Amino acid sequence: AQSVTQLDSQVPVFEEAPVELRCNYSSSVSVYLFWYVQYPNQGLQLLLKYLSGSTLVKGINGFEAEFNKSQTSFHLRKPSVHISDTAEYFCAVRGLNRDDKIIFGKGTRLHILP
Amino acid sequence: DTAVSQTPKYLVTQMGNDKSIKCEQNLGHDTMYWYKQDSKKFLKIMFSYNNKELIINETVPNRFSPKSPDKAHLNLHINSLELGDSAVYFCASSQPLLSGNEQYFGPGTRLTVT
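Residue numbers (the working numbering), protein chains in the order written: chain A, 1 to 114; chain B, 1001 to 1114.
By construction, these hints were calculated from the structure, which means they are not laboratory data.
Incorrect hints may appear among the rest.
A partial selection of chain B residues facing chain A, derived with a Cβ cut-off under 8 Å [to be verified]: (1) K1041; (2) F1042; (3) L1043; (4) I1045; (5) I1056; (6) F1090; (7) L1097; (8) L1098; (9) G1100; (10) E1102; (11) Q1103; (12) F1105; (13) G1106; (14) P1107; (15) G1108.
Simulated DEER-style distance windows between Cβ atoms [stated by the list, open to error]: (16) B:A1003 x A:P40: 13 to 21 Å; (17) B:V1060 x A:L7: 22 to 30 Å; (18) A:K58 x B:K1009: 15 to 23 Å.
Source: prediction; values computed, not measured.
Every residue, glycine too, gets a C-beta built ideally from N, C-alpha and C.
The shape of chain A in the complex, shown without the other chains (with noise of 0.2 Å):
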């Protein structure tokens, strides 16, 4: 079974600084990661998944995340914020196996200041 933890509830930022929201998992198997974002009253939509190859993986809206195996993380970065990415994210974990769910953490809340 997998378990992913966002070690962050929430993250403030101030707009047009870099921002790095935490994401951990647990897996005694290979995974499948993902990031979604949900913005205030939408459904969530996906920024970005790691499958294998490359460890860094770039996504929408200038987001990236790097795959680090041997500290079993998925970090969410972005160089420079704006007010439009207030949201919350989402960071998920699925295995390999057929019979697998994804399971999402329990989001991370990113604040943007003026």
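Since the structure of chain A is provided, determine the placement of chain B on it from the hints.
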């Protein structure tokens, strides 16, 4: 065209009533899901259907009954509503998760039980 749609967007009802939420996807996906998001934004899977067949049934009270008339639709019926059922319910769909495919979420239905 909306990829995953849900109706209604808001639902306010009294305890003890029975209500349904409808979901439709036009992405041609084989798998559909229902999630419950509580007031703390925690996202929990409730059910998953693949080609009209129930494949995931988490520990959800049997007052909740999903129905899939065809693979493009997955409705959620809730009997004898309770205060604790108040939440946002999201429908989602995907191609087989085995290949690392992501889920596409609907806009959510905010259920308030008074």
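Outcome of the hint check:
{"no.": "1", "hint": "K1041", "in the structure": "holds (5 Å)"}
{"no.": "2", "hint": "F1042", "in the structure": "holds (5 Å)"}
{"no.": "3", "hint": "L1043", "in the structure": "holds (5 Å)"}
{"no.": "4", "hint": "I1045", "in the structure": "holds (6 Å)"}
{"no.": "5", "hint": "I1056", "in the structure": "holds (6 Å)"}
{"no.": "6", "hint": "F1090", "in the structure": "holds (6 Å)"}
{"no.": "7", "hint": "L1097", "in the structure": "holds (6 Å)"}
{"no.": "8", "hint": "L1098", "in the structure": "holds (6 Å)"}
{"no.": "9", "hint": "G1100", "in the structure": "holds (4 Å)"}
{"no.": "10", "hint": "E1102", "in the structure": "holds (4 Å)"}
{"no.": "11", "hint": "Q1103", "in the structure": "holds (7 Å)"}
{"no.": "12", "hint": "F1105", "in the structure": "holds (3 Å)"}
{"no.": "13", "hint": "G1106", "in the structure": "holds (5 Å)"}
{"no.": "14", "hint": "P1107", "in the structure": "holds (5 Å)"}
{"no.": "15", "hint": "G1108", "in the structure": "holds (5 Å)"}
{"no.": "16", "hint": "B:A1003 x A:P40: 13 to 21 Å", "in the structure": "holds (20 Å)"}
{"no.": "17", "hint": "B:V1060 x A:L7: 22 to 30 Å", "in the structure": "holds (29 Å)"}
{"no.": "18", "hint": "A:K58 x B:K1009: 15 to 23 Å", "in the structure": "violated (33 Å)"}
Of the hints listed earlier, the one the structure fails to meet is number 18.
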